[in-house]
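Visitor: Could you slot chain B onto chain A? The hints should help.
Take a look at the letters that make up each chain.
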Amino acid sequence: MAVSLSHVSYSTTFTSSASKTTVSGPSLSPHSIKVPTFSPLTVKPLNSSFTPHGARAITIAPHATSTPSSIPSDTSTTTFHGLCYVVGDNIDTDQIIPAEYLTLVPSNPDEYEKLGSYALIGLPSSYATRFIEPNETKTKYSIVIGGANFGCGSSREHAPVALGAAGAKAVVAESYARIFFRNSVATGEVYPLESEVRICEECRTGDVVTIELGESRLINHTTGKEYKLKPIGDAGPVIEAGGIFAYARKTGMIPSQSK
Amino acid sequence: MASSVGFAHPTSSLIINKKDKSLSVVPSTSQLSIYKCKKPISNNISMAMATRQSERKPATTGSMKSPMTMTEKIFAKGAEKAEVKAGDNVWVNVDVFMTNDISGPGSIGIFRKEFGENAKVWDREKVVVIPDHYIFTSDERANRNVDILREFSLDQNIKYFYDITDLSNFKANPDYKGVCHIALAQEGHCRPGEILLGTDSHTCTAGAFGQFATGIGNTEAGFVLGTGALLLKVPQTLRFVMDGEMPDYLLAKDLILQASEISVAGATYKSMEFVGTTIESLNMEERMTLCNMVIEAGGKNGVVAADSTTFKYLEDKASVPYEPVYSDALASFHSEFRFDISKSEPLVAKPHSPDNRALARECKDIKIDRVYIGSCTGGKTQDFLAAAKLFLASVWVDIYTLIVPGSSGKTCSQIFEEAGCDTPASPSCAACMGGPKDTYARMNEAQASSLSPYHHG
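Keeping their order, the protein sequence lines are chains A and B.
Going left to right, the first sequence walks through residues 205 to 463 as the working numbering numbers them.
Going left to right, the second sequence walks through residues 29 to 485 as the working numbering numbers them.
Just chain A, with the same shape it has in the complex:
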């Protein structure tokens, strides 16, 4: 995902041993996965061929304040600020990206962009304000707020990809369908954050919100209310790296491609 932190060179500075150990199971060393290097390695990191979303009406600013040193993850300083788009319960993958658009292959950069332009196009017409306005390819809403069971339905990875390609940074929902959550983490496209209360009933589309990942907090500047989020935990560093492959390379689980 195009969080500002994720576009640093993957092969260089990541040294967080805390994050490294958290990805594995309780009794498993990450070193037990050995994936050989293939040559010639002409490929690029997962997201590098995607151009940053230029048309965004949002800003992503790393938090400038000092953070407690007890939090090892880089996500402690990640902040999202922008407009929110509010949906209800059980938003399924057909509403996020209708099946007729699944012929688009997300790993193809052009089709990635096109997928983004259809994000949430399957929402019923009762959603008078659309996630992406007519003739636009990007959304002006960087944060999607939903209810329970967000992303249920199919296993299509196109769903988190469409949201990310449209310019969304995070989804904040009461709960997630399992595969959507996994796909969000695996691709690093959006942060699937969980709220402790049903904030979808207290926020309105167009409200200005800030998410502070390190504090696990969402602030609605329009209403002046603050909400506690459930910590993203071990998934945070994976999303921040840009998905499981980028993370696995950063942490040495699989060899870096640049060597």
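Because the hints were derived from the structure by calculation, they are not lab data.
Careful: at least some of the hints might be erroneous.
Dumping the calculated EDC-like pairs for lysine to aspartate or glutamate here, alpha-carbon to alpha-carbon at most 20 Å [stated by the list, open to error]:
| no. | chain 1 | residue 1 | chain 2 | residue 2 |
| --- | --- | --- | --- | --- |
| 1 | B | K378 | A | E430 |
| 2 | B | K378 | A | D293 |
| 3 | A | K318 | B | E343 |
| 4 | B | K465 | A | D298 |
Only part of the chain A face toward chain B is listed, based on derived beta-carbon distances under 10 Å [unchecked claim]:
| no. | residue |
| --- | --- |
| 5 | T297 |
| 6 | P310 |
| 7 | I383 |
| 8 | I458 |
Even for Gly, the Cβ is constructed at its ideal location relative to N, Cα and C.
Guide: Only chain B this time, still in chain A's reference frame:
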């Protein structure tokens, strides 16, 4: 799977019927050990999996281990550990990976991007490629996606690629097997005790064979293609006990809609295990329907214990030895739901959510615009039989060719046509999902139709 583990007891236990699954099943070695050959698998990528210190197979280590659910045992086997418990995150070996035409190209793209253009899949005999979703269409991107699968499968020498080239007549394609979840079973890729991952949420269908099967996205699929392994969390198990004789007006779809009283998120992150006398009486197709819809309750997987019905079905299909596992009686279940199926009534899932349930009789005055029989949930022979029964008292079908007894020489297909249905169309997924504009059933007039799940060559 641990191809290095050889077993010394080539018994005929493939047809063991673990009759009393409600009792603790801690099989002795001689009971359940399956002949496991050292398969000459072409390991293009050498994988060092998980911990290697344990050469023991979890299912045969006697009574020292903690009680486990079936799903936990499958995970333990896949992780080559003596035991795992719900909540553990473990790296598991994948026994079969399946992909199709809508997620395959993206998965392949990620595989090539991450492992290199010349990389080889971890095991060409464990990758199953089934074009099925958007086949019968002139949509150029959809056609291209099938071409990508073909090019990849040929390049990788994928052993199980069910190709289709003649879109005008699916029967002219000897390799085309139709809807992937049904094809997986019919071609012998679903086997007890194994781990099957697929790029489709209804991959859980295969749990009917007493295996762990679930859907994954493109990125994880790309990882699996390269490594044959994935990090998964062991799910808690919800136990659905369905007892009683099933009335003949019920189908497995009614059972799973009954179970869906837990709502569309009631099983999120969890396994749904189906047990009881009703379940034991179901044939494999019906068990597949049951497990197919666990995803509609948010479930990670569904399982039905393998028994004589399973072994019989697999007799002429499975070409690889397998080893069934069973839940221990003392295993820890998250919760248990009990149903007396003999008292159940037919259920309907109304638009637009599977848990928007009603009794069929409550819907008797609702005008139906279109009837569609097909795809992975409702497109098995059993389903066509049930539909044909509504038109004719007694039928037995190969829907295209076999003469239906008592029908004055008609096939099931003809019965459907005479009843005003469309001619059964080419088997595919698009009608259920909503595919490209010209795919089957994207019409707005009221119509009855049926799609074949497969064809007889």
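Visitor: Determine for every hint whether it applies to the structure shown.
Guide: Cross-check of the supplied hints:
no.: 1; hint: K378(B) <-> E430(A); in the structure: violated (38 Å)
no.: 2; hint: K378(B) <-> D293(A); in the structure: holds (17 Å)
no.: 3; hint: K318(A) <-> E343(B); in the structure: violated (47 Å)
no.: 4; hint: K465(B) <-> D298(A); in the structure: holds (16 Å)
no.: 5; hint: T297; in the structure: holds (8 Å)
no.: 6; hint: P310; in the structure: holds (5 Å)
no.: 7; hint: I383; in the structure: holds (6 Å)
no.: 8; hint: I458; in the structure: holds (8 Å)
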